[in-house]
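As you go down the protein sequences, you meet chains A and B in turn.
Start counting the first sequence at 16; every next residue gets the next number (the numbering used here).
Start counting the second sequence at -2; every next residue gets the next number (the numbering used here).
These are computed hints drawn from the structure, not numbers from a lab.
Do not rely on the hints blindly, as some may be mistaken.
[What the hints assert, rightly or not] With a Cα cut of at most 27 Å, we get these calculated DSS-like pairs of lysine-lysine:
| hint | chain 1 | residue 1 | chain 2 | residue 2 |
| --- | --- | --- | --- | --- |
| 1 | A | K425 | A | K194 |
| 2 | B | K21 | B | K51 |
| 3 | A | K425 | B | K90 |
| 4 | B | K67 | A | K166 |
| 5 | A | K327 | B | K90 |
| 6 | B | K150 | A | K194 |
| 7 | A | K490 | B | K67 |
| 8 | B | K51 | A | K216 |
| 9 | B | K51 | A | K327 |
| 10 | B | K21 | A | K148 |
| 11 | B | K21 | A | K216 |
[What the hints assert, rightly or not] To be clear about the criterion: a stretch of chain B counts as covered by chain A if any three or more of its residues have a C-beta under 8 Å from a C-beta of chain A, and this derived list gives those stretches:
| hint | region |
| --- | --- |
| 12 | 55 to 65 |
| 13 | 76 to 82 |
[Stated by the list, open to error] Over the 12 Å line for every Cβ pair with chain B, so calculated as not near, a few chain A residues:
| hint | residue |
| --- | --- |
| 14 | G294 |
| 15 | R304 |
| 16 | A362 |
| 17 | N486 |
| 18 | R577 |
Computed from a predicted model, the values in this text were never measured in an experiment.
Cβ coordinates follow ideal geometry from the N, Cα and C atoms, glycine included.
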Amino acid sequence: MARIFGIDLGTTNSLIAYMDGQTPRIIPGRHGRTMVPSVVALTDNGLIVGDPAKDHLTRGSERTVYSVKRFMGRGLADVAEELKYFPYRLVEQGGVIRIQLGEKSYSPPQISAMILKELKLRAEAHLGEDVSKVVITVPAYFNDSQRQATKDAGLIAGLEVLRIINEPTAAALAYGLQKHTQGQIAVFDLGGGTFDISILKLKNGIFEVLSTNGDTHLGGDDFDRLVADHFLKEIRPRHGVDVHAFPDTMQAVRLEAEQAKIRLSDEQNTSVRIELPEGHGEFRSDLTRDQLETLTKDLVERTLGPCRFALKDAGLQPSEIDEVVLVGGSTRMPLVRRQVQDLFGKAPHSNLNPDEVVALGAAVQADILSGGIQDMLLLDVTPLSLGIETMGGVMSSLIRRNTTIPSSAKEMFTTYVDGQTSVDIHILQGERELAQDNRSLARFQLKMPPLPAGVPRIEVTFLIDANGILNVTAKDVRTEKVQSIQVKPSYGLSDDEVERMIGESFKFAAEDLQARQLIEARTEAEAILKATEKALQQGGRLITPEETTSINAVLASLEAARVQRDHKAIRACITDVEKATHHLAEVLMDHCLKEALENKKLSELT
Amino acid sequence: MARSMCWHCQSEVTGEYFCDRCVKVQPLSKESDYFTCFGLPRLLTVDLNALETKFYELSRAFHPDFFQRKTDAEQAISLGNSALLNTAYRTLKDPVRRAEYLVQLEAGSAKDIRTSPPADLFEEILELQEGLDGFRSLSTEENVSERAAFRTKLMGEREHLEQRQQAMESDLLSLFTQWDRLQAQDDHNPAVRAEKDGTLKHLREILSNRTYLRNIVNDLTATIG
Chain A
16 MARIFGIDLG TTNSLIAYMD GQTPRIIPGR HGRTMVPSVV ALTDNGLIVG
66 DPAKDHLTRG SERTVYSVKR FMGRGLADVA EELKYFPYRL VEQGGVIRIQ
116 LGEKSYSPPQ ISAMILKELK LRAEAHLGED VSKVVITVPA YFNDSQRQAT
166 KDAGLIAGLE VLRIINEPTA AALAYGLQKH TQGQIAVFDL GGGTFDISIL
216 KLKNGIFEVL STNGDTHLGG DDFDRLVADH FLKEIRPRHG VDVHAFPDTM
266 QAVRLEAEQA KIRLSDEQNT SVRIELPEGH GEFRSDLTRD QLETLTKDLV
316 ERTLGPCRFA LKDAGLQPSE IDEVVLVGGS TRMPLVRRQV QDLFGKAPHS
366 NLNPDEVVAL GAAVQADILS GGIQDMLLLD VTPLSLGIET MGGVMSSLIR
416 RNTTIPSSAK EMFTTYVDGQ TSVDIHILQG ERELAQDNRS LARFQLKMPP
466 LPAGVPRIEV TFLIDANGIL NVTAKDVRTE KVQSIQVKPS YGLSDDEVER
516 MIGESFKFAA EDLQARQLIE ARTEAEAILK ATEKALQQGG RLITPEETTS
566 INAVLASLEA ARVQRDHKAI RACITDVEKA THHLAEVLMD HCLKEALENK
616 KLSELT
Chain B
-2 MARSMCWHCQ SEVTGEYFCD RCVKVQPLSK ESDYFTCFGL PRLLTVDLNA
48 LETKFYELSR AFHPDFFQRK TDAEQAISLG NSALLNTAYR TLKDPVRRAE
98 YLVQLEAGSA KDIRTSPPAD LFEEILELQE GLDGFRSLST EENVSERAAF
148 RTKLMGEREH LEQRQQAMES DLLSLFTQWD RLQAQDDHNP AVRAEKDGTL
198 KHLREILSNR TYLRNIVNDL TATIG
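With the rest of the complex left out, here is chain B:
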């Protein structure tokens, strides 16, 4: 956390979350990201037990329950810190949200990761959409056998897509390891920097394909059951 002046007694804050001198709670810095909030390096592999322990510890420090009898200013800080902490924990706990967040942090400007179809699956997905439309256009009373045939085909497709999803998950994990290895190296080395950028780009691609596939599979499941 960035060191600064205590909002209350104006002395320099040296304690971690509370002023050493007047013992008032300090607001988490607006600049601090979710990783620094938990005192973690910007890595993609996270020890979930340690994360939880830290989350509980910080919750005990900031939760509004413990500021009920304090001043309005302290209550407001407690509320703000708790809200930030909860969002940070929710983001870091989940590997996909964690990766999305890191890509946003590192690659800057782009706010949202768009969902886009994997390039190599483009044809297949177009075909699948037609199949889905076809299935939906058939009424349930008549065309029983036709529907059954469509259904079998779509189920095969779904299986294929689910395999692809699993492949993506393992790709994601290997990118996690790759990123963490690069983080340990000298950032000023242009070769390292380039490799990092490449990793981020790859991460972003997988994340966006992943969301796209998930939507398609959900749609499939909703249609054929």
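Next comes chain A alone, as it looks inside the complex:
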């Protein structure tokens, strides 16, 4: 049987892992990096994904999609408040968000599918085997629509998604495998865009989730925004330019904010430089860890509520938690760690890389499914209560939140009027009393035999499967006949649309590996050409004329190779350029350092 792979489809980065004997391993890319940035860019050469696409954030931001996970399974109204932060254009079509890229528009599952395909190719190149079956992770607090959208993304990418598992529980599996932990653990997962808290009980290889809670719109992205806003406020009065009108610079500010935030996890203060558009010069500023913590304090505190709810639902006091595990890049922030420690009264664990642990756990679950590991079993829960709308617009709960899945509930329906032939059913998810305050999942129409009122009896079974995804079946109790139901999702693609997108995706796959590699090589070539030209301008006077001549020569051959169709030739030229410019890069670096030091001295003197 074909191997099953584990995929962490993240807001900021994605990873693919597999089980190598008894050990889960992340599959690295060509440059040895384990993470694929979850970024897709439309370039003049076509669509590109990952690291090369990330370069386009500051060069073609209107055509570069990042953080698409935030839009999975959602409607435009859900994300109205944050639309202004995204440089690409979002429209809505039939309840599903579409992202406009050039002439075409893509649904979030289609964009995610491109990232999944990139991971698939990466694994295939690395292991030399076909990748077709996968386990994909989602935030534990993802609702049914968001899970379904993730599954659709897998289908569109030509993958068989054997299981959707929750990120914090995947992390617990990776930890459990490594340490054979027993007891009650809390997994605190703060990623790029989402926050989850899960409380588990580990006993003799069983990983029983007691409760889960979270916020699917709280993560590193939000911290970056606050830091970026802080810089923008400084830029305007100092440089007299409103950067909002320059999407590419906005992205540069966002990325620089992210980098500054990351550096401040290890340092007490850091400086930033951002090149401003249209000759407004360069923005330079410093940011201290204290400033960062003041900016982000409220956001970090927002994680406390879900933690308390999860503990309450698990029936536990913070002191009853034996271990706390940190997952997600944002848990590297000292403020987050301090807060977790204060809440649970113990130092959290992070001996597995918080960026990789989810993918590793997904590989463990994949191995369980393929019959490898037999002594570990994950018993997960559904994060939100599932119900239907009843008379008066009230939600009637059928399956309560934190119920172990799979779980099912049966409900009997009948008619109120003689000869009535159908009953409309509205499925909801959430914890509020009124239907309108909860998430609308889907609607369907139940067919009724034309009989006197109250006589028909149709039994509807709502089953949440091990993926946390809802399946609905109906049966006429009198005739024992099963009725097929056409469920219309409120915020998702219909089956037909998914089918069509799978078809399209295969058509695009005809732009085969070679074509892809060509696109990537060309994109990288363009980036290198630009960067080298800039370096020559800045540092040309620091190197010998001979060096300049030889650099110009390799640049010319790269320029020539770039328009040809041989990606290997382009790559060879790129390597030549890298070699030829090695010394230039070094002297430039020294020069910049010296300059920075001199500036410092000057400012210290005045």
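Start from chain A and add chain B according to the hints.
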């Protein structure tokens, strides 16, 4: 579990959850209640550790994770059994849900236990509702002292109700013991039968009062904080 024919090889199933002959998983019988599902007698006192151990054991037997490579029919049985098992465990684990379920099983027809106010607290609860309405009608800016007075009174009420809740919990526990003792006796004895019916009735009453009180207390807490 009711013995029956294997859905796959048609031989008589003698194994507990799997056919001895073809080793296929068998669906848990539709007739089996949550107690029999766990191989437990219909008692209200349950050893939670033993229940958990059995739950884990059955989860290992039925969970869809272990049927990924089996036929569609087996996968469907695994899914159905797991869903039933999970509901059964959730019900039996919690003393109140367990009691509600047992009352439903034993007293048959009545599907839901209605929530109703305890008869002796009827007057008090009416008064309390008026107090709540009064408190809500006062604005926060003015009437500061009036609100504070209302609040003190309502907090006193809440304390009283919470004491009553605790009394109900201990009543419930003693009814558990009473029921379990009766279960050990001869069911054909009319006196035993009558006492059982009485116990069930009493259980039902407490359960419904309990829910009612809980709602009131929640409402109180939501209003006065």
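Ascending list of hint numbers which this structure does not respect: 1, 6, 11 and 17
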